[in-house]
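Protein chains in written order, with the numbering used here: chain A, 1 to 92; chain B, 1 to 583.
Derived by calculation from the structure, the hints in this document are not laboratory data. A virtual CB, placed ideally from N, CA and C, is assigned to each residue, including glycine. Warning: the hint list may mix true and false statements.
As the list claims (entries may be wrong) - Residues of chain A clear of chain B, computed beta-carbon distances all greater than 12 Å:
no., residue
1, VAL7
2, HIS8
3, PRO18
4, CYS31
5, TYR35
6, LEU36
7, GLY38
8, TYR39
9, GLU42
10, ALA53
11, MET68
12, PRO69
13, LEU87
Said to hold, decoys possible - Restricting the straight-line Cα-Cα distance to at most 25 Å, the calculated cross-link-like pairs of lysine-lysine (DSS-like) are:
no., chain 1, residue 1, chain 2, residue 2
14, A, LYS74, B, LYS106
15, A, LYS70, B, LYS91
16, A, LYS40, B, LYS106
17, A, LYS74, A, LYS5
18, A, LYS28, B, LYS106
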Amino acid sequence: MKTIKAVHLRLYVAGHAPNSVLAIVNAKAFCEAHYLPGYKLEIVDLMDHPLRALEDGIVVTPTLVRLMPKPSRKVIGTLTDQRQVVLALGAG
Amino acid sequence: MKSFTNPGTEKLVTGIVGFDEITGGGLPRGRTTLVIGGAGCGKTVFALQTLVHGARRKKEASIFVAFEESAGQIIANAATFGWDLPSLAKKKLFFLDAQLSPDVVKAGEFDLIGMLSVLKAKAEQLKATRIVFDGIDVLLNLLNDDVAERREVYRIRDWLVETGLTGIITQKAGGETEQRLGFLQFMVDCVVVLRHQVQDGSAFRNLRVVKYRGSAFAGDEFPITLTSDGMQLTNRGPTELTYEVSDERVSTGLPRLDHMLKGGYHRGSNVLISGAPGTAKSTLSGLFTAAACARGERILYVSFDEGAAQIVRNLRSVNIQLAPHLKSGLLKMYSTRTRGPNVEDQFFALRAQVRLHNPTCLVIDPLSALSAKLSHLASADAAQQFLDYLKSEGITVVNTSLMDGLKTDEATATGISTIADTWIHLSYIVQDGERNRALTIVKSRGTGHSNQVRELSLSDEGVSLTDVFVAQGKVLMGVARWEWEQDQLAIQKRAKTATELKKLQLKLSQAEAKARLQVVQAEMDARAAEMALLVLATGSEKDLLASDLVVLREMRHADAQLLPKKEKTNGAHRGTNGHKDTE
Chain A
1 MKTIKAVHLR LYVAGHAPNS VLAIVNAKAF CEAHYLPGYK LEIVDLMDHP
51 LRALEDGIVV TPTLVRLMPK PSRKVIGTLT DQRQVVLALG AG
Chain B
1 MKSFTNPGTE KLVTGIVGFD EITGGGLPRG RTTLVIGGAG CGKTVFALQT
51 LVHGARRKKE ASIFVAFEES AGQIIANAAT FGWDLPSLAK KKLFFLDAQL
101 SPDVVKAGEF DLIGMLSVLK AKAEQLKATR IVFDGIDVLL NLLNDDVAER
151 REVYRIRDWL VETGLTGIIT QKAGGETEQR LGFLQFMVDC VVVLRHQVQD
201 GSAFRNLRVV KYRGSAFAGD EFPITLTSDG MQLTNRGPTE LTYEVSDERV
251 STGLPRLDHM LKGGYHRGSN VLISGAPGTA KSTLSGLFTA AACARGERIL
301 YVSFDEGAAQ IVRNLRSVNI QLAPHLKSGL LKMYSTRTRG PNVEDQFFAL
351 RAQVRLHNPT CLVIDPLSAL SAKLSHLASA DAAQQFLDYL KSEGITVVNT
401 SLMDGLKTDE ATATGISTIA DTWIHLSYIV QDGERNRALT IVKSRGTGHS
451 NQVRELSLSD EGVSLTDVFV AQGKVLMGVA RWEWEQDQLA IQKRAKTATE
501 LKKLQLKLSQ AEAKARLQVV QAEMDARAAE MALLVLATGS EKDLLASDLV
551 VLREMRHADA QLLPKKEKTN GAHRGTNGHK DTE
């Protein structure tokens with residue numbers, strides 16, 4: 001495993017809404033657990049950038065999008081269900 | 001906040017024909033309306049049409065949030081309505097694809113906070129006033145948790161109140177979903193239920209307003225139709241009848257009938273020609289058609305169950321020529337076949353034909369082809385509304401209706417006779433081994449009309465109306481009438497001969513009198529001549545008398561007597577008589 005695949009995740013949240021806060025925590029924990037250092041986790045707050053969601057096709061919050069590696073994947077919810085997250089994003 | 005201080009009196013026009021009337025102006029502005037319906041009921045059309053109307057007529061921008069279908073699908077599906085969504089979507093109508101693709105994985109609870117903040121920003125950007133959440137149940141099902149569902153719905157409600165937008169939420173009806181989302185109906189200000197039902201093999205769509213806070217509304221179920229202009233609701237006619245009326249008359253095409261109606265049909269009126277099969281209903285319609293074209297008017301001839309070519313041929317046999325008018329374009333014939341009991345679609349098709357041809361006169365032959373199916377109240381409404389529409393357009397309409405007798409209960413069941421202004425009934429009178437056509441005017445609003453029964457006869461030369469004779473309480477028609485006429489002729493002939501005879505007799509006596517007059521005259525002349533002769537011969541009468549006296553005196557010598565003078569005159573008279581006889 002010499003070549004490390006570039007990992008780029010983006011989490012869309014809505015301010016300090018409970019689901020969003022929980023998702024941020026869960027996303028960080030997931031990345032730490034499953035990816036090597038160097039992954040990129042971007043957090044976009046739709047309260048600050050509301051029109052951004054339109055461009056990216058975000059309907060509900062929180063939504064986690066895996067931009068890299070391809071193909072892109074989408075997981076909605078608080079990411080509490082780790083099993084589902086692993087199934088969707090892979091274990092790195 | 002705004003909407004609390006502004007009670008739901010303000011309305012937002014939907015542009016759905018009929019719906020705005022039954023709700024007294026449309027949906028509650030600044031409030032939320034829930035539209036519930038099964039698959040294919042037209043929930044999306046209802047919501048979309050409201051937005052399109054706002055964008056096109058009121059220049060109000062809107063947002064459409066599509067949970068169930070993609071925006072592209074919705075735009076494609078609505079292409080049949082001629083709303084030009086693609087160009088609207090660029091300016092006044094924003095579509096948000098809120099469809100979660102099936103490969104999205106759910107890993108925990110989620111909410112709509114983000115989406116609503118996005119929508120708020122977009123609404124402010126567009127200055128939008130209307131918003132639709134189409135297929136909210138799809139999203140709520142994904143939550144799969146009663147508490148979460150409720151929470152998100154209330155979130156939307158609060159968001160709508162906060163933004164002051166007029167919201168329309170659509171939701172699928174039926175089954176467990178509707179039960180679970182039942183609370184939605186209590187939460188919103190207005191609930192509209194769309195229903196799809198199949199009756200006798202035909203599909204009916206209905207709309208019912210279940211609830212409308214702060215407003216009166218018609219709570220009945222109304223039939224709806226999807227036309228090329230979108231959804232239309234068939235209201236039971238305008239509550240107020242405000243047509244312009246005309247005193248102008250249009251010819252029936254039959255001078256004698258014009259005379260019976262004191263000038264013809266009223267322009268813009270509704271004429272019903274009823275009668276048994278073969279009583280020449282179509283022929284009368286044909287006469288009206290030909291007369292309209294001859295005046296240079298445009299006319300639409302709608303026939304059911306009979307092709308245009310066949311009608312033209314049949315009317316030619318009674319010398320009604322429609323072919324030249326078809327060619328000139330004044331006449332348009334629209335032949336169609338009656339389908340299932342749902343006649344609303346057919347009335348909408350007819351409406352389209354009327355708009356296309358723009359006629360001043362219209363024939364529907366026979367309307368009963370439709371009214372036979374008017375057992376459904378909805379269809380009767382559609383018929384009435386169509387006729388109301390024609391009336392409001394000032395189109396003179398001649399309808400024929402198949403009717404075996406003058407059973408008024410049957411006629412009123414169709415509801416047509418009551419809105420007919422002029423009703424002509426054709427019937428057969430069977431008598432002395434023949435069948436003849438009789439025409440009567442049952443009613444004619446606003447025109448004097450003859451109460452007489454007329455006999456209608458058809459021939460190669462055309463159509464004519466003849467007086468019928470009533471003798472011994474019987475109406476005489478056909479051969480009986482001919483016989484009566486012959487009798488009348490014979491009586492007249494006898495009377496004429498008798499007069500001639502009398503005339504001759506009078507002439508004779510006149511001649512006799514004249515002859516007698518001549519004899520007397522001749523006699524007088526003769527006497528005058530005789531007198532003249534006598535004077536010539538003897539001098540004047542005086543001289544004669546004097547000379548006689550002289551003679552006497554001479555004979556008696558001196559004293560003359562007076563008596564013998566008389567004898568002398570007598571003798572002279574006898575002489576003249578004798579002269580006359582010889583002549």
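Against the structure, the hints:
1. VAL7: holds (17 Å)
2. HIS8: holds (18 Å)
3. PRO18: violated (8 Å)
4. CYS31: holds (14 Å)
5. TYR35: Non-interface label stands for TYR35(A): nearest chain B Cβ at 17 Å, farther than 12 Å.
6. LEU36: holds (22 Å)
7. GLY38: holds (24 Å)
8. TYR39: holds (18 Å)
9. GLU42: holds (15 Å)
10. ALA53: violated (5 Å)
11. MET68: holds (17 Å)
12. PRO69: Since the minimum Cβ distance to chain B is about 16 Å, PRO69(A) lies beyond 12 Å and the statement holds.
13. LEU87: Since the minimum Cβ distance to chain B is about 7 Å, LEU87(A) lies within 12 Å and the statement is violated.
14. LYS74(A) with LYS106(B): holds (9 Å)
15. LYS70(A) with LYS91(B): Since the Cα atoms of LYS70(A) and LYS91(B) sit roughly 34 Å apart, the hinted pair is violated (cutoff 25 Å).
16. LYS40(A) with LYS106(B): Roughly 22 Å separates the two Cα atoms, so the pair holds.
17. LYS74(A) with LYS5(A): Judged against 25 Å, a Cα distance of about 18 Å means the pair holds.
18. LYS28(A) with LYS106(B): Distance ~18 Å between LYS28(A) and LYS106(B) Cα, so the pair holds.
Going through the hint list in order, the structure does not satisfy hints 3, 10, 13, 15.
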